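Position one of the sequence shown corresponds to residue 1 (the numbering used here), numbered consecutively onward.
FYI, nobody ran anything at the bench for these hints, they're computed from the structure. Be careful, since some hints might not be right.
[Stated by the list, open to error] Taking lysine to any residue and the SDA-like style, the derived pairs with C-alpha atoms no more than 20 Å apart in a straight line are:
hint	residue 1	residue 2
1	Lys28	Asp51
2	Lys52	Ile96
3	Lys28	Asn85
4	Lys28	Asn8
5	Lys28	Glu18
6	Lys52	Val86
7	Lys52	Ile93
8	Lys28	Pro97
This structure is a prediction, so every number in the text was calculated from the model and none was measured.
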Amino acid sequence: MNCSSSMNRIELVDLSDELILIVMNKVKSKVLLLCSIITIGNNRLEDLALDKCHSIDLIFDYFQSPYQNLIQRFYSHVLPCIIYNVQSLRLNIQHIPNISNFC
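Assemble the whole structure, with the sequences as input and the hints as a guide.
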């Protein structure tokens with residue numbers, strides 16, 4: 001277990017897969033979850049996140065929110081890593097140029 005000497009601290013990677021999945025289920029935005037975990041270099045967390053990305057809903061208006069950079073990162077870095085795991089992708093018409101750039 002990775003514990004700091006100054007305080008007892010448990011890191012996400014110290015948890016069991018079941019507990020990590022519970023934490024992942026609490027994250028409402030799959031885009032936020034995937035952008036936070038995919039490409040960070042932890043294969044275990046990435047594998048668990050890939051199990052959660054069969055259906056991605058991008059209907060939320062990311063362009064009118066502080067998450068615009070996040071959605072750009074999703075298309076440029078995350079989507080290429082998960083494209084074969086995605087079975088369903090819902091998006092707004094505003095996302096079409098980003099999808100076109102991805103292809």
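Hint check:
1. Lys28 with Asp51: holds, 15 Å
2. Lys52 with Ile96: violated, 23 Å
3. Lys28 with Asn85: Answer holds: Lys28 to Asn85 is near 19 Å, not above 20 Å.
4. Lys28 with Asn8: violated, 28 Å
5. Lys28 with Glu18: holds, 18 Å
6. Lys52 with Val86: holds, 9 Å
7. Lys52 with Ile93: violated, 24 Å
8. Lys28 with Pro97: Measuring from Cα to Cα gives roughly 25 Å; hence the hint is violated.
Checked against the numbered hints above, the structure breaks hints 2, 4, 7, 8 and satisfies the rest.
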